[in-house]
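Visitor: Sequence:
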Amino acid sequence: MLSLLVNISANAKWSQNGVTIVGGNGNGGATNQLNYPQGLFVDDDQTVVIADYWNHRIIQWKNGDTTNEQVVAGGNGQGNGLNQLNRPTDVLIDNETNSLIICDRENQRVVRWSRRSGTTQGEVLLDNIYCWGLAMDEQKYLYASATGKG
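The sequence shown maps to residues 1 to 150 in full-length UniProt numbering.
Where hints are given, some of them may not hold.
To be verified - Below, computed lysine to any residue pairings styled on SDA-like, alpha-carbon distance capped at 20 Å:
1) 62 to 19
2) 140 to 82
3) 140 to 118
4) 62 to 95
5) 140 to 81
6) 62 to 78
7) 62 to 23
8) 140 to 44
9) 140 to 22
10) 62 to 45
11) 62 to 37
12) 140 to 97
13) 62 to 118
14) 140 to 40
15) 140 to 36
16) 62 to 40
17) 62 to 79
18) 62 to 22
19) 62 to 12
20) 62 to 97
21) 62 to 82
22) 62 to 21
23) 62 to 140
24) 62 to 32
25) 62 to 80
26) 62 to 20
27) 62 to 43
28) 62 to 7
29) 62 to 77
30) 62 to 126
31) 62 to 15
32) 62 to 38
33) 62 to 81
34) 140 to 96
Unchecked claim - For each label pair, taking beta carbons as the anchor points, the in silico distance ranges come out as:
35) 6 to 54: 20 to 28 Å
36) 124 to 14: 21 to 29 Å
37) 7 to 118: 41 to 49 Å
38) 108 to 46: 39 to 47 Å
39) 10 to 148: 31 to 39 Å
No wet-lab data here; the hints were simulated from the structure.
Computed from a predicted structure; not experimentally measured.
Glycine residues also receive a C-beta, built at the ideal position from the N, C-alpha and C atoms.
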């Protein structure tokens with residue numbers, strides 16, 4: 001694994017030109033639309049996964065693929081089944097287990113969803129947590145930010 005620390009100058013300037021790679025077709029539920037996108041994660045292959053909050057799903061876009069965004073978790077309506085999400089707020093890719101780790105906020109859980117073909121549901125990693133954000137360090141420790149707990 002390559003770790004890189006970048007020092008960004010205080011007077012750095014950024015290009016104002018960007019390219020929309022996922023969504024950009026108004027709010028909606030089609031695979032080329034998002035509805036209140038939250039967390040996103042980009043892996044080493046430049047694959048982008050996005051927590052699509054109001055569509056209760058995780059959308060994936062692979063680098064170089066211009067028309068094939070796909071639902072890779074959830075997408076079975078709002079609910080609390082293991083094949084459903086309820087307002088996901090963040091997602092990351094765990095390459096070691098070839099899975100997605102998802103903040104399933106309104107179900108008060110963190111779930112792991114395999115990226116293997118044919119996977120139709122996730123498994124609960126953490127329960128009773130109002131998760132907002134996720135991070136994983138190089139030792140594979142999972143960190144979750146949450147609200148609602150003392």
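Visitor: Now tell me if each hint is right for this structure.
Guide: Evaluation of the provided hints:
no. : hint                  : result
1   : 62 to 19              : holds, 15 Å
2   : 140 to 82             : violated, 24 Å
3   : 140 to 118            : violated, 25 Å
4   : 62 to 95              : holds, 15 Å
5   : 140 to 81             : violated, 27 Å
6   : 62 to 78              : violated, 25 Å
7   : 62 to 23              : holds, 13 Å
8   : 140 to 44             : holds, 16 Å
9   : 140 to 22             : violated, 28 Å
10  : 62 to 45              : holds, 8 Å
11  : 62 to 37              : holds, 17 Å
12  : 140 to 97             : holds, 10 Å
13  : 62 to 118             : holds, 18 Å
14  : 140 to 40             : holds, 19 Å
15  : 140 to 36             : violated, 29 Å
16  : 62 to 40              : holds, 13 Å
17  : 62 to 79              : violated, 27 Å
18  : 62 to 22              : holds, 10 Å
19  : 62 to 12              : violated, 29 Å
20  : 62 to 97              : holds, 19 Å
21  : 62 to 82              : violated, 25 Å
22  : 62 to 21              : holds, 10 Å
23  : 62 to 140             : violated, 24 Å
24  : 62 to 32              : holds, 13 Å
25  : 62 to 80              : violated, 28 Å
26  : 62 to 20              : holds, 13 Å
27  : 62 to 43              : holds, 10 Å
28  : 62 to 7               : violated, 28 Å
29  : 62 to 77              : violated, 24 Å
30  : 62 to 126             : violated, 28 Å
31  : 62 to 15              : violated, 24 Å
32  : 62 to 38              : holds, 18 Å
33  : 62 to 81              : violated, 27 Å
34  : 140 to 96             : holds, 9 Å
35  : 6 to 54: 20 to 28 Å   : violated, 34 Å
36  : 124 to 14: 21 to 29 Å : violated, 40 Å
37  : 7 to 118: 41 to 49 Å  : holds, 44 Å
38  : 108 to 46: 39 to 47 Å : violated, 32 Å
39  : 10 to 148: 31 to 39 Å : holds, 37 Å
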